[in-house]
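In the order they appear, the protein sequences are chains U and X. Counting in my numbering, the first sequence runs without a single skipped number right up to 407 at its last residue. Counting in my numbering, the second sequence runs without a single skipped number right up to 407 at its last residue.
Check each hint, because a few of them may be wrong.
Because identical chains cannot be distinguished in the list, a pair is counted as satisfied if it fits within a single copy or across any two copies.
Once the Cα atoms are required to be at most 20 Å apart in a straight line, the calculated SDA-like pairs of lysine to any residue come out as [as the list claims (entries may be wrong)]: (1) K137 x F205; (2) K137 x G386; (3) K273 x D219; (4) K137 x I376; (5) K273 x L405; (6) K116 x I249; (7) K137 x S70; (8) K347 x N126.
No lab work stands behind these hints, which were simulated from the structure alone.
Protein chains: 2
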Amino acid sequence: MKRALTLSSALLLCSALAAPLGATELRATGDLGVIVERATGSVLIIDQSEHAAIGRIEGLGDLSHASLVFSPDERFAYVFGRDGGLSKIDILSQKIVKRILQSGNSIGGAISDDGKLIAVANYEPGGIKIFDADTLDLVADIPAEGKALGLEDAPGRKFVFSVWDTGETRIVDMSGAEPRITTFAHVGEQPYDALVTDDGRTYIAGLFGEDGLAAIDLWDETPEPRRILPHYGRGQEEMPVYKMPHLEGWAKAGDQIVLPAVHHHEVLWIDSRSLEETGRTETYGQPVFAMARPGGRQVWVNFAHPLNDTVQVIDSMTHQIVGEMKPGPAVLHMEFTSRGTEAWVSVRDENKVVIYDTTTLQPIGEIAAESPSGIFFTARAHRLGL
Amino acid sequence: MKRALTLSSALLLCSALAAPLGATELRATGDLGVIVERATGSVLIIDQSEHAAIGRIEGLGDLSHASLVFSPDERFAYVFGRDGGLSKIDILSQKIVKRILQSGNSIGGAISDDGKLIAVANYEPGGIKIFDADTLDLVADIPAEGKALGLEDAPGRKFVFSVWDTGETRIVDMSGAEPRITTFAHVGEQPYDALVTDDGRTYIAGLFGEDGLAAIDLWDETPEPRRILPHYGRGQEEMPVYKMPHLEGWAKAGDQIVLPAVHHHEVLWIDSRSLEETGRTETYGQPVFAMARPGGRQVWVNFAHPLNDTVQVIDSMTHQIVGEMKPGPAVLHMEFTSRGTEAWVSVRDENKVVIYDTTTLQPIGEIAAESPSGIFFTARAHRLGL
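Put together the whole structure using the sequences plus the hints.
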């Protein structure tokens, strides 16, 4: 069965890549994207408008849980591998520009608002490293007494990250000649992931060791962490959590933030000003990503194993579920086109990415990909806090 | 004096364009932009990262009050000229792809959310025309009993516009085989410009003939126009208005909207939920554009003649002016890089565009341009309601 699948997917891949881009052909980059193929250490370069794969780059190491960021000109992607690999790829010439192994075990990264610096969060040894975006030369090494994670960019050439073991959060200001570091000694027990709101103002870290989340106002001259949503978390009972929700999946929908609940089969609606809970919607499974269609009219949700074959669509005004699709086994990620007309959904165990019309909720295209996980469109280059 | 200026600017232009792009060179488009040269019917293609002009396209007709939109791939710009000209230009090959004269007198346009349709608002004859974005073939002709303006795109392949003479607003839904038109017979006296909020939800038209503005909730199944800000306008006295503020200059800054007052030397701060006024900031002159730095931490304002040599920067948390610059005579427009690290400011009467660091407020670069007015960066391709 496994071989049959692989064969059929290989055929699909051949057909998808039948007409690769001539490397000297003029091509704009505003509608391109990169899909992580987690099992094979490769990425697929896609063209949104053509609903087509236009190339593949291989040799990127361990891409389980991989993510990436784009350069401001939308030409280069920086791929953060689980094995500490940092690869700079050129999506126009479809080549690896440079690849370094910068640690033994890493978990995500960020690009500074001016596009000049790449930061990577490392588990082993703990801390973050900051590289020149052009050369990948080391610019700053900021060690920590534990696993660094929840690394985000913030306006003013800053990065913010947290440390699992110590519960601390640090702001690293790279606007001067030397890094200036502000440390909050203990924002909470075992921060596990974080986000920066789309205005670059608020850093929010999820806590594994206790309920509630830690929020820091980055616009404040002398910021202080505060605790929000005290009832958010696993709760008193030690319930099994199959997969922690991704906090970058937090979605702004109008005046609300939508939050995947931890363990429970529901999403929470939060007032974006007060950060108080205003409602809940029961869902099909434990949500992993809750992502707003650009503009915020609907929110799309995928789910943890074993209910990860389904996507639900929720109306942000009524909080009602207005659509449900079964793209296939192991839906790992979703990405909207920048103005929200399409959603691309990765279906790992069928080796494909399914493209949906967000108005009709009907599939309108499909691309073969080898165990696809994260889908990243170049428009991310223009957004804060990703 | 005039000749001296022209000569010196010609020299500057030569130097700026000394190393034009080879038309076959690979170039990404995420950090490119187009600057309108209003007096010469030309546009300059610029590269943000290089702080440089990389080409010029001529022969675009009357570009006074010209604006433009970008294709989703950030390769093509559609330029709306005052003379009814609609030009599709290729910013990679730096050529006019197609140019038509679609009316006698037009005022702005929009691109549908899926990037497939271009709409243009016309004064003579009144109404809007909708074209295929690929070919510029006419798709729909929607006449009106007066000057069409305030034309904006809205999610779901829709356009919205108003009519000066009749006071009506129309929603044109292009998602089906034929246009479906919803008409609001009279939203107010003499609508003169409009905007759609960045979530694509609310259409707001300014009224010249009376105080207040008309707002329409586009998410509502059966939307009804309502009047907001009853004290916004010229007021009882017939004060001279040198230049109507641009409503697309309305800026979202956190939970606030900033609004250039009509006639008065101030900007108004509005609660983004209730649309009630929450404060005012006295400014140097009559504001024309009030634009939020991406993220909304500060707002930059330019002013009407004769005080149009100045830009002021306002802190959105304190409503205090925190910076003032004098870029030169006739500051017509400003554009931020997509993550807000730089602002580009056109100085018409010194034939240049000045680039500011938004943190230090210091000039960090300059580009020669012939009577520059509007500055448009390709990141606009990814935003709703522009």
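Now for the hints, and whether the structure bears them out:
Neither within a single protomer nor between protomers do K137 and F205 lie at most 20 Å apart by alpha-carbon distance, with minima of 26 Å and 49 Å respectively. Taking the shortest Cα distances, K137 and G386 sit within 20 Å of each other only across copies (17 Å), while inside one copy they are farther apart (36 Å). In this assembly of identical chains, the alpha carbons of K273 and D219 lie at most 20 Å apart whether taken from the same copy (8 Å) or from different copies (12 Å). When the C-alpha separation of K137 and I376 is checked against a cutoff of 20 Å, the pair qualifies only between copies, where the shortest distance is 18 Å, while the shortest distance within a copy is 33 Å.
With identical chains, the CA atoms of K273 and L405 are at most 20 Å apart both within one copy (13 Å) and between copies (15 Å). In this assembly of identical chains, K116 and I249 lie within 20 Å of each other by CA distance neither inside one copy nor across copies; the values are 44 Å within and 54 Å between. In this assembly of identical chains, the alpha carbons of K137 and S70 lie at most 20 Å apart only when taken from different copies (10 Å versus 29 Å within one copy). Neither within a single protomer nor between protomers do K347 and N126 lie at most 20 Å apart by alpha-carbon distance, with minima of 34 Å and 51 Å respectively.
Checked against the numbered hints given earlier, the structure breaks hints 1, 6, 8 and satisfies all the rest.
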